[in-house]
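Residue numbers (our numbering), protein chains in the order written: chain U, 1 to 106; chain L, 107 to 495.
Hints are computed from structural coordinates only; laboratory data are not their basis.
Keep in mind that the hints are not guaranteed to be accurate.
Unchecked claim - Negatives, chain U to chain L, calculated, CB over 12 angstroms:
| # | residue |
| --- | --- |
| 1 | Pro23 |
| 2 | Ala32 |
| 3 | Gly92 |
As the list claims (entries may be wrong) - Output of the computed footprint for chain U on chain L, the stretches with three or more beta carbons under 8 angstroms from beta carbons of chain U:
| # | segment |
| --- | --- |
| 4 | 144-157 |
| 5 | 202-216 |
| 6 | 478-485 |
Please read these numbers as outputs of a predicted model, since none were measured by experiment.
Heads up, the beta-carbon is just placed ideally off N, CA and C, and yes, glycines get one too.
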Amino acid sequence: MIPVCRLEDLPAGESVRIDTSPPIAVFNADGALYAIDDTCSHQDASLSEGWLEGCLVECPLHAASFDIRTGEPTCLPARRPVRTHEVAVIDGVVHVRPAAQEGSAA
Amino acid sequence: MRTVTVVGASLAGLYAARALRAQGFDGRLVIVGDEPHRPYDRPPLSKDFLTGATTEADLALADAEEETELAAEWLLGTRARGLDARGRTLLLDDGRTVATDGIVLATGARARTLPGTEGLAGVHTLRTLDDARALRAALGGPARRVVVIGGGFIGAETASSCVGLGHEVTVVEAAPLPLVPQLGPEMAGFCASLHGRAGAALITGVGVAGLHGRAAVTAVELADGRVLPADVVVVGIGAVPRTGWLAGSTLLVNDGVLCDDGCATTLPQVVAVGDVARVGGVRHEHWTSATEQPAVAVRNLLAGRTVEHVRPAPYFWSDQYGARIQFAGRRRDGDTLRIVEGSLEEGSFLCRYERGGTTTALLAVDRPRPFTRARRELARQAAGPVPTA
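Please build the complete structure, drawing on both the sequences and the hints.
Here it is as structure tokens:
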């Protein structure tokens, strides 16, 4: 698992981007942590810089929206999901286990 | 309505087709497109598509599953040639006609060209996928001398992509500074500085007298007599709404199809969306407008009258020289500028345009997160008074 940051450094409503390949965005949605691919499935934009409301994050470029629990897009222009990743807090540090890479990038 | 025809198979046309089905229209849906391609996204054409980072497959706006759901008859590679006076019959350039009960006009705009340069090899515009394929092929080889005519967003993005590909680039802009109408002089000045920092030359305040070359372009001659040698010329001097084919109809056309605030034209069963539509007196050539207008236009089309207005919240973005520029709102001359985060020196900032203490517009360079937050506030402010607690 990849250490991300201390839990207190990721308060509710905030997000952080980790420089994996491809990059991953970790969100604190009102206390629950979720991790998804950081790059919007529509066009090159960073979802960690998007607008988080509940469990939905809106892409900062074209307002595509994703459910951070499932990675599924909830509105156009995105049509493809982003991958989700496992998150765990170990000794007060947020960790992410990147999902196995599929044959093609989603 | 039993048949609705969407004329134009690009972003606005596709969104109109989606809106028709989403709003319960279950009749015959015909989509006419003059390009042979399925709907694709144009913004990457001047950026990642040109540099090769994006493929044609990535540009597709709809997939096979969605096309099945839309259950439309696609008449692609077919140009609409005319509309009868009552707006009930569409004439196609292959001689066919389509009898229809409702029409969504989404024919977009064409790239403005330099008169007298038709047929001169090496001269490009950048509007369609075919344009982008041709330009990409021209830029694929060793370093060339590229002259971009027009310093607007298309010109700047194309210049940026050409620099990225290793070409020698000069941008020529007739105005004293590009993008002043969009951004105002101060911020236009910042954007103009991006060219030089990246190694592209920017020549402003001088028009183009003509192009040199017999079969292929060899140089661009400026109005002051300067001659810029060129292997590739990209003409980015704006777009003209595609309305010529409507000449025989009774629709009112003046820099776009005239519509009310709900995208309804003077014919009750004809609405217009996207670059071709002048909605409430304004023609927005923006991706966001093309995606937001169709749902309203279709609602009014199906209702037979205007029951809903478009509430435009202008927004556009541009990627150039590694900088992401985002703009929202309506700037007016005389607005005061306030940089609320970052600075021009850092090359990353959020700037508010203000008038009488309220924000009229926002510009961000590489500050997507605060921009998004501020844009939401701006949209809320535009939607009406915020209730006080």
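Hint by hint, here is what the structure shows:
1. A cut-off of 12 angstroms between C-beta atoms confirms that U:Pro23 is not in contact with chain L; the least separation is 14 angstroms.
2. Listed as outside the interface, U:Ala32 is consistent with that label: its C-beta sits roughly 21 angstroms from the nearest C-beta of chain L, beyond the 12 angstroms cut-off.
3. Remark: the non-interface label on U:Gly92 is consistent with the geometry, its nearest Cβ contact in chain L lying 26 angstroms away (cut-off 12 angstroms).
4. With 4 residues bearing a CB less than 8 angstroms from a CB of chain U, the segment 144-157 of chain L meets the requirement of three and the coverage assertion stands.
5. For the segment 202-216 of chain L, the stated coverage by chain U is not satisfied: 0 residues place a CB nearer than 8 angstroms to a CB of that chain, which falls below the threshold of 3.
6. Using a Cβ-Cβ cut-off of 8 angstroms, 3 residues of the segment 478-485 of chain L lie near chain U, which meets the minimum of three, so the contact claim holds.
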